[in-house]
Amino acid sequence: MFEARLVQSSILKKVLDAIKDLLNEATFDCSDSGMQLQAMDNSHVSLVSLNLRSDGFDKYRCDRNLSMGINLGSMFKIMKCAANDDILTIKAQDNADTVMFMFESPNQEKVSDYEMKLMDIDQEHLGIPETDYSSIIKMPSGEFSRICKDLSQFGESMVISCTKEGVKFSAAGDVGSANIKLAQTSNVDKEEEAVIIEMQEPVTLTFACRYLNSFTKATPLSGQVILSMSADVPLVVEYKIGEIGQIRYYLAPKIEDEDS
Amino acid sequence: MSKRNKQDAKEGAKKRRSTISKRRVVIFKSELLSPDSEENPTFVQIRHPSSGNGATFLFSGDNKKVLEVMQFSDSKRSYFIDDSVSSDGDTYFCTPMDPLFLALPYLMKTKRCCPLDQTLADEEFPEVERLVHCTMDVSLIADRRGDESLNAFIYNEEKTLLWLQTKLERLIAVLKEKNINTSKTVAVSANFVKTDDDEDSGVNYMRYAYGMILDYIPESLATKFAEFIKLPPEPEKSNKRKEIVSPSQPNGKKSKVEEEEDSYEPKTPAAKQDKKTPSAKEQALAKAAKGTKSISSFFKKK
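Protein chains in written order, with our numbering: chain A, 1 to 260; chain B, 1001 to 1302.
Just chain A, same shape as in the assembly:
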């Protein structure tokens, strides 16, 4: 039997909104430690890794490890049925082929049940090695979202270059070129509003704008985004999900053109 209760059901709604563009379906692996999801997008260039720790839930029970293959579009439809202040309970039997979502209004006057069919999904778990990234950029998530949106108007790919001076986002295309430079914030009052760069080595990598834009769908989850980069390894874009966990997006860099 699996049961997880989350007072802030809106969190899960935001999580789904953050992944449903990249993934059509995915498997939620439920264990004693919490709920995990790992999946690649259809083109296999990006990977979504979601972790919701069991202690972040208001009530969590998982007797046996459970893998729930879920059509994320369908699940999002169900989540949209919940009011923002509803309390969510996810329930599933051990070998069930359905999962139950229950929404309770805060005053307990309205209770809605949604049962959803599970799917058989071929799982391909990738091992993500521990990496010491040569550059780690912490910045306001809204800022990152804005930069991605702005730069994607100029070109299909975006160059992120991190140096001592700061971080530079640039794109070039038919219209012209665009450069956005962010310097490290000098006086840090609130960490969320600051740009913090931890750099061992300068890095310059190129990524597909559209994917970065998809990642920024997670902006409502957290005020801060952490970008981790090293030469020739995928970029990590991480958003904290309140006190409950985090969502990480991995994006493989573009293959550098020989000419440029």
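Note that these hints are calculated values from the structure, not bench results.
Careful, some of the hints might be misleading.
[Unchecked claim] If you want the footprint, here are the derived chain A segments under chain B, 3+ residues with CB under 8 Å:
no.	stretch
1	31-43
2	122-129
3	204-211
4	241-253
[What the hints assert, rightly or not] Derived lysine-lysine pairs resembling DSS-like cross-links, with alpha carbons at most 25 Å apart:
no.	chain 1	residue 1	chain 2	residue 2
5	A	254	B	1287
6	B	1290	A	254
7	B	1290	A	217
8	B	1301	A	254
9	A	190	A	217
10	B	1281	A	168
11	A	217	B	1281
12	A	149	A	240
13	A	149	B	1287
14	A	240	A	80
15	A	168	A	117
16	B	1293	A	217
17	B	1300	A	254
18	B	1281	A	77
19	A	80	B	1290
20	B	1109	B	1159
21	A	181	A	164
22	A	149	B	1290
23	B	1167	B	1076
24	B	1293	A	149
25	A	254	B	1293
26	B	1167	A	149
27	A	149	A	110
28	B	1109	A	217
29	A	254	B	1281
30	A	77	A	240
31	A	168	B	1293
32	A	80	A	190
Beta carbons are placed, not taken as given, at the ideal position from N, Cα and C, and that holds for glycine.
Fit chain B to the supplied structure of chain A, relying on the hints for placement.
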């Protein structure tokens, strides 16, 4: 219709029947004809028990015996018959068969108890009524109800399966006696020494005999019969070779078959996914992915 008989030492009697339009060469044993009967044997069209379509059978003059007619076609052959040539080179072999096989589908079809002459009636093939006069013990496949003079029967599946099993056992005995090769491979090398303790041979004989009986029973009965005699399921195609080669190198072959199976399995779900036409959004995302390395080239599968 002129008819001439000529004794053939080897094959019993060779009988040549000639009609005004066409003459055919038919071979069957002369003793199967009832010599006392004044009636000539007749070819009739009745329903074949296996296919359900019409087929030609030869009934003896007194309708006591039924002979199955097998046609061997050869377009390049003609016969000299006395002083003339018959361009029809086909040979018809008539072999006796158990009329119960012919009656079986009718009994199966008639759910309730019914006199035999009513059961064995077919609008399409009216000649089937001849079966009523055949020498056969209907009680082997059906239960007699009421008075004997009524000649009424109701189909009994259990009895039928037992009867078929007896047939099967007899067939196997004959196959073994005649040393007929029943293994999957028809070609057997000259130096092939058949061993009696071959485990598979029993099953092979059974399967071979079952296949022969299968030609004479309705399809619905075939599966029930296979279950009844506990016929092991036919090995998979991919295993066929394994079956032959296995005694010499069982492990090597087996692992290969397993590998093949493994490599095939994941393909099916992937193929299913391909069927879905991607939405415009997905297409745009796929387009954006161009020129980007695959993420799985960085992260190894667990």
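These are the hints, each one checked on the structure:
Requiring three or more residues with a Cβ within less than 8 Å of a Cβ of chain B, the coverage given for the stretch 31-43 of chain A holds, as 4 such residues are present. Three residues within the 8 Å Cβ limit are the bar, and the stretch 122-129 of chain A against chain B gives 7, so the coverage statement holds. With a threshold of 8 Å between beta carbons, the proposed coverage of the stretch 204-211 of chain A by chain B holds, since 5 of its residues qualify and at least three are required. With 4 residues carrying a beta carbon less than 8 Å from a beta carbon of chain B, the stretch 241-253 of chain A meets the three-residue requirement, and the given coverage holds.
Under the criterion of a C-alpha separation no larger than 25 Å, the hint pairing residue 254 of chain A with residue 1287 of chain B is consistent with the structure, at around 13 Å. Between the alpha carbons of residue 1290 of chain B and residue 254 of chain A the distance comes to roughly 8 Å, so the proposed pair stays at or under 25 Å and holds. The hinted pair formed by residue 1290 of chain B and residue 217 of chain A meets the criterion: a straight-line CA distance of about 21 Å does not exceed 25 Å. Proposed proximity of residue 1301 of chain B and residue 254 of chain A is supported: the alpha carbons are some 21 Å apart, at most 25 Å.
Of the supplied pair hints, the one linking residue 190 of chain A and residue 217 of chain A holds, its CA atoms being roughly 23 Å apart against a limit of 25 Å. With a C-alpha separation of about 28 Å, the suggested pairing of residue 1281 of chain B with residue 168 of chain A is violated against the 25 Å cut-off. For a cut-off of 25 Å, the pair hint linking residue 217 of chain A to residue 1281 of chain B stands: about 15 Å separates their Cα positions. For the proposed pair residue 149 of chain A and residue 240 of chain A, the alpha carbon gap of about 21 Å is at most 25 Å, so the pair holds.
The suggested pairing of residue 149 of chain A with residue 1287 of chain B holds, with an alpha-carbon distance near 18 Å, which does not exceed 25 Å. With a C-alpha separation of about 22 Å, the suggested pair residue 240 of chain A and residue 80 of chain A falls inside the 25 Å cut-off, and the hint holds. The straight-line distance between the Cα atoms of residue 168 of chain A and residue 117 of chain A is roughly 46 Å, outside the 25 Å bound, and the hint therefore fails. Proximity of residue 1293 of chain B to residue 217 of chain A is assessed by CA-CA distance (about 23 Å); at most 25 Å being required, the pair is judged to hold.
Between residue 1300 of chain B and residue 254 of chain A the CA atoms are separated by roughly 19 Å; this keeps the pair inside 25 Å, and the hint holds. Only pairs whose Cα atoms come within 25 Å are accepted, and residue 1281 of chain B paired with residue 77 of chain A is accepted, the gap being roughly 18 Å. The straight-line distance between the Cα atoms of residue 80 of chain A and residue 1290 of chain B is roughly 33 Å, outside the 25 Å bound, and the hint therefore fails. Under the criterion of a C-alpha separation no larger than 25 Å, the hint pairing residue 1109 of chain B with residue 1159 of chain B is consistent with the structure, at around 16 Å.
Between residue 181 of chain A and residue 164 of chain A, the direct Cα distance comes to roughly 12 Å. Compliance with the 25 Å bound is thereby established for this hinted pair. With a CA separation close to 19 Å, the supplied pair residue 149 of chain A and residue 1290 of chain B stays within the 25 Å bound. Note on residue 1167 of chain B and residue 1076 of chain B: the hinted pairing is violated, with a Cα-Cα distance of about 37 Å set against a maximum of 25 Å. Under the criterion of a C-alpha separation no larger than 25 Å, the hint pairing residue 1293 of chain B with residue 149 of chain A is consistent with the structure, at around 23 Å.
Of the pairs offered as hints, the one joining residue 254 of chain A and residue 1293 of chain B holds, with about 6 Å between alpha carbons and a cut-off of 25 Å not exceeded. In summary, the hint linking residue 1167 of chain B to residue 149 of chain A is not supported, as the alpha carbons are separated by about 82 Å, beyond the 25 Å threshold. Our distance criterion of 25 Å between C-alpha atoms is broken by residue 149 of chain A and residue 110 of chain A, whose separation comes to about 40 Å. Under the criterion of a C-alpha separation no larger than 25 Å, the hint pairing residue 1109 of chain B with residue 217 of chain A is inconsistent with the structure, at around 68 Å.
Between the alpha carbons of residue 254 of chain A and residue 1281 of chain B the distance comes to roughly 20 Å, so the proposed pair stays at or under 25 Å and holds. At roughly 24 Å between alpha-carbon atoms, residue 77 of chain A and residue 240 of chain A fall within 25 Å of each other, so this suggested pair holds. For the suggested pair residue 168 of chain A and residue 1293 of chain B, the alpha carbons sit about 22 Å apart, so the restraint of at most 25 Å is met. The hinted pair formed by residue 80 of chain A and residue 190 of chain A fails the criterion: a straight-line CA distance of about 32 Å is larger than 25 Å.
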